[in-house]
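**Student:** With the hints as constraints, model all of the structure from the sequences given.
Residue numbers (my numbering), protein chains in the order written: chain A, 8 to 382; chain B, 3 to 405.
These are calculated hints, taken from the structure and not from any lab test. Just so it is clear, CB atoms sit at the ideal spot from N, CA and C, and this is done for glycine as well. Check each hint, because a few of them may be wrong.
From the structure, some residues in chain A lie toward chain B, with a derived Cβ separation under 10 Å [claimed, not checked]:
1) Met71
2) Gly75
3) Ile121
4) Ile125
5) Pro128
6) Thr262
7) Glu365
8) Leu369
Covered by chain A, per the in silico footprint, the following chain B stretches (three or more residues, Cβ under 8 Å) [what the hints assert, rightly or not]:
9) 99-109
10) 138-150
Listed below, chain by chain, are the residues.
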Amino acid sequence: MAEVSMWFREKISRRGLLWGGLAAAGGSAIAGTAAGQSVHSGHGTTSAAGAAPPQAHLAAHRSMITVGDVDNERNGFDPSRMVTDWETGSVSTLPDGRILRTFEIEAVDKEIEIAPGIMFPAWTYNGRVPGPALRATEGEHLRIVFRNSGSHPHSMHFHGIHAARMDGVPGAGLIGPGEEFVYEFDARPFGCHLYHCHALPLKRHIHKGMYGLFVIDPDPARHPELADVARSRLLGTPENAEWQEFAMVMNGFDTNFDNGNEVYAVNTVAHAYMKRPIRIVRNRPVRIYLANVVEFDPINSFHLHANFFDYFEQGTTLTPTLRTVDLITQVQAQRGILEFTYKDHETGLYMFHPHQSEFTELGWTGMFDVVEAVA
Amino acid sequence: MNEVSHIAAADPTAPVGSGKSRAALLWLILPLAALGLAITWLLVSDPLRNFGNGAPPVESLTFERTILSSDGIRVLVRAGGSEPMTIAQVQVDDAYWQFTQEPAGPLARGATAWIHLPFPWVLGEAHAINIVTNTGATFEHEIAVAVSTPTRDAGNLASQALLGVLVGLVPVAIGMMFYPALRGVGRNGMNFLLALTVGLLAFLLVDATAEAFELAVESAAIFQGQAMVVLAAAASFLLLMAAGRRDGVPTGLALATFIALGIGLHNLGEGLAIGAAFAAGAAGLGTFLVLGFMLHNITEGIGISAPMLKKRPPLWAFVGLALLAGGPAVVGLWIGSLAYAPQWSALALAVGAGAILQVIVEVTAYLMRSDGRGQAALTAPATMAGLAAGVSFMYVTAMLVKV
Numbered sequence: 008m009a010e011v012s013m014w015f016r017e018k019i020s021r022r023g024l025l026w027g028g029l030a031a032a033g034g035s036a037i038a039g040t041a042a043g044q045s046v047h048s049g050h051g052t053t054s055a056a057g058a059a060p061p062q063a064h065l066a067a068h069r070s071m072i073t074v075g076d077v078d079n080e081r082n083g084f085d086p087s088r089m090v091t092d093w094e095t096g097s098v099s100t101l102p103d104g105r106i107l108r109t110f111e112i113e114a115v116d117k118e119i120e121i122a123p124g125i126m127f128p129a130w131t132y133n134g135r136v137p138g139p140a141l142r143a144t145e146g147e148h149l150r151i152v153f154r155n156s157g158s159h160p161h162s163m164h165f166h167g168i169h170a171a172r173m174d175g176v177p178g179a180g181l182i183g184p185g186e187e188f189v190y191e192f193d194a195r196p197f198g199c200h201l202y203h204c205h206a207l208p209l210k211r212h213i214h215k216g217m218y219g220l221f222v223i224d225p226d227p228a229r230h231p232e233l234a235d236v237a238r239s240r241l242l243g244t245p246e247n248a249e250w251q252e253f254a255m256v257m258n259g260f261d262t263n264f265d266n267g268n269e270v271y272a273v274n275t276v277a278h279a280y281m282k283r284p285i286r287i288v289r290n291r292p293v294r295i296y297l298a299n300v301v302e303f304d305p306i307n308s309f310h311l312h313a314n315f316f317d318y319f320e321q322g323t324t325l326t327p328t329l330r331t332v333d334l335i336t337q338v339q340a341q342r343g344i345l346e347f348t349y350k351d352h353e354t355g356l357y358m359f360h361p362h363q364s365e366f367t368e369l370g371w372t373g374m375f376d377v378v379e380a381v382a
Numbered sequence: 003m004n005e006v007s008h009i010a011a012a013d014p015t016a017p018v019g020s021g022k023s024r025a026a027l028l029w030l031i032l033p034l035a036a037l038g039l040a041i042t043w044l045l046v047s048d049p050l051r052n053f054g055n056g057a058p059p060v061e062s063l064t065f066e067r068t069i070l071s072s073d074g075i076r077v078l079v080r081a082g083g084s085e086p087m088t089i090a091q092v093q094v095d096d097a098y099w100q101f102t103q104e105p106a107g108p109l110a111r112g113a114t115a116w117i118h119l120p121f122p123w124v125l126g127e128a129h130a131i132n133i134v135t136n137t138g139a140t141f142e143h144e145i146a147v148a149v150s151t152p153t154r155d156a157g158n159l160a161s162q163a164l165l166g167v168l169v170g171l172v173p174v175a176i177g178m179m180f181y182p183a184l185r186g187v188g189r190n191g192m193n194f195l196l197a198l199t200v201g202l203l204a205f206l207l208v209d210a211t212a213e214a215f216e217l218a219v220e221s222a223a224i225f226q227g228q229a230m231v232v233l234a235a236a237a238s239f240l241l242l243m244a245a246g247r248r249d250g251v252p253t254g255l256a257l258a259t260f261i262a263l264g265i266g267l268h269n270l271g272e273g274l275a276i277g278a279a280f281a282a283g284a285a286g287l288g289t290f291l292v293l294g295f296m297l298h299n300i301t302e303g304i305g306i307s308a309p310m311l312k313k314r315p316p317l318w319a320f321v322g323l324a325l326l327a328g329g330p331a332v333v334g335l336w337i338g339s340l341a342y343a344p345q346w347s348a349l350a351l352a353v354g355a356g357a358i359l360q361v362i363v364e365v366t367a368y369l370m371r372s373d374g375r376g377q378a379a380l381t382a383p384a385t386m387a388g389l390a391a392g393v394s395f396m397y398v399t400a401m402l403v404k405v
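**Tutor:** Next up, the structure:
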């Protein structure tokens with residue numbers, strides 16, 4: 008009879024009136040968690056020893072990760088390369104001596120694999136999500152040739168300074184399938200910006216994949232007081248080459264169209280940088296151009312492990328707007344520049360993720376693999 | 003000589019007969035050939051391609067079993083898509099988890115697979131499993147209260163048997179112990195007891211039918227739960243009616259046996275549902291609940307005894323009847339907690355409902371006959387009182403066990 012009452016107790020209601028034996032089940036769950044933590048904390052030691060085991064970055068997440076790998080070849084883009092892939096367009100000189108920079112962008116419907124095995128019917132710029140990370144220099148004249156080869160009307164709405172005619176809203180550069188439009192404006196203000204489709208309904212056009220980074224580097228000549236800082240931001244200078252710059256767009260995908268995301272990521276593919284950490288050289292500084300385009304959720308964030316960074320809100324200043332923080336939040340279309348270094352750290356795997364645990368657990372999480380030198 | 007002429011006379015008709023059967027055969031083959039032709043045409047020339055609008059295939063996934071153990075969570079899923087479907091990822095509580103699928107690969111319509119998740123579930127708390135297919139469709143399953151699923155070891159089987167005995171066998175046996183006290187009741191007393199039996203059976207009929215339909219909704223669409231419940235109940239009713247009346251209208255021990263069988267089938271279905279609820283962590287069970295079940299089922303013993311009041315059967319008959327009515331609860335609990343799917347519980351309850359309907363008909367008939375007044379007995383005050391007492395006793399005691 009004593010045994011029966013034990014059995015009843017194990018089957019007790021959720022109110023837990025008779026929390027008798029936290030029997031085998033509970034015990035093993037606790038043991039499981041403990042094991043996970045010991046693996047996690049093991050990082051420091053293995054890395055310090057010199058050679059991390061090949062699967063250490065996966066062990067950190069234990070079983071909480073997507074199964075399998077995404078076919079980057081079929082997708083036509085690879086998150087590991089996308090993170091340093093800047094689209095600089097083609098350059099010529101205008102009669103008045105100014106530089107004209109031309110980008111060619113095409114809207115195409117494309118089914119992409121956003122997590123291993125999960126296909127998403129995306130609308131893309133140039134066949135990739137996020138669209139190409141456009142990069143120009145302050146003061147240049149920009150010409151963006153936009154062709155719509157998709158099945159719906161689309162546009163490119165730039166966060167920047169331009170005429171109403173160039174705004175990419177209905178009646179000003181929003182074009183139907185098969186049409187073409189050329190957006191023209193000057194590159195200003197310098198900073199970390201973005202562009203996205205402004206066709207309606209806006210929510211659908213954004214979450215289907217129509218967005219990308221739009222970075223305008225400062226012109227050192229226009230900022231004599233902080234020319235060195237401006238030069239370090241200007242792509243192509245020796246000062247800039249010292250930096251390790253990464254393009255990151257925090258996005259999400261509503262695969263069942265219930266106005267809630269099933270997959271979160273940075274640069275589209277869930278767990279991409281968890282399975283293949285981003286290599287950084289220990290003694291060179293890091294700069295991240297970060298934007299948030301997540302739909303449905305009001306906020307996103309970026310948290311760096313074991314380190315702090317300076318933050319330049321929207322990148323429109325040459326001095327940080329936030330100093331020494333390890334977490335920033337962004338609403339949709341908010342963006343900024345993060346600067347930090349691991350030069351005083353041990354080599355090893357350092358995690359980054361939003362501090363909305365839900366986003367982290369649904370795919371938006373990654374690792375920096377800090378090494379002495381890139382082979 | 004006579005024989006020969008007979009055969010000779012029959013001879014001319016022989017070719018006509020075989021011609022008839024050949025024509026019948028032709029008319030059997032022709033429609034089948036037409037069907038084959040239609041199928042071939044559909045497959046080869048695809049005339050319905052205009053309906054293909056580029057939309058993804060319809061997908062459906064049903065969770066049939068959930069097993070929680072020290073190495074994580076296992077769920078048995080059944081696919082019901084218009085095309086084979088592929089499970090791409092699995093979330094537990096809004097987090098992607100590693101999983102293995104057995105057997106691996108796309109799931110054909112009606113096929114099942116086990117999904118194993120090495121998830122550290124928490125005792126007594128709720129978890130949600132969300133399966134994401136390759137098209138991005140999601141299928142969610144809630145584990146209301148996570149408890150370790152009973153395993154197939156002797157200790158668990160023994161404690162489940164004890165529970166089954168407590169809620170199934172013991173109350174029936176206790177109810178039967180009223181037998182000596184009930185013997186010798188007059189006509190009104192007899193009418194009251196038989197009507198009480200009908201009342202309790204009517205309650206069980208409603209209960210079993212409602213529960214069967216509820217479970218039918220949970221089962222995979224491929225089983226057509228609602229139709230299955232109706233057909234199974236009708237079939238069991240007709241079969242038992244036919245079997246019962248083969249040797250005349252059942253009375254006495256025979257009628258008691260049918261009542262016991264109906265109640266036993268109902269208890270089997272109940273046992274399946276209770277066992278499954280424990281296995282899935284959907285229900286808790288305390289001593290209070292077990293007491294409720296016991297009280298609820300005591301009338302069943304009285305009901306079984308009622309038709310035997312006129313002629314005392316041997317003692318072994320009581321033992322047999324108690325086992326027949328209460329024993330299936332034990333079997334149901336075992337099966338329910340070890341190998342459960344909603345469609346099987348629905349089927350068992352539907353068969354039980356049919357059986358109960360049969361005994362309602364037979365007990366009513368017996369009541370009219372034993373009273374001697376025919377239909378007038380049905381509206382007699384004692385009958386109405388018994389009916390009301392049976393239904394209301396069951397309803398009130400059910401309040402103790404419905405959660």
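**Student:** Confirm or reject each hint.
**Tutor:** Consistency of the hints with the structure:
| no. | hint | result |
| --- | --- | --- |
| 1 | Met71 | 5 Å, holds |
| 2 | Gly75 | 8 Å, holds |
| 3 | Ile121 | 8 Å, holds |
| 4 | Ile125 | 5 Å, holds |
| 5 | Pro128 | 8 Å, holds |
| 6 | Thr262 | 3 Å, holds |
| 7 | Glu365 | 5 Å, holds |
| 8 | Leu369 | 6 Å, holds |
| 9 | 99-109 | holds (count 3) |
| 10 | 138-150 | holds (count 8) |
Comparing the model with each earlier hint shows no violations; every hint is respected.
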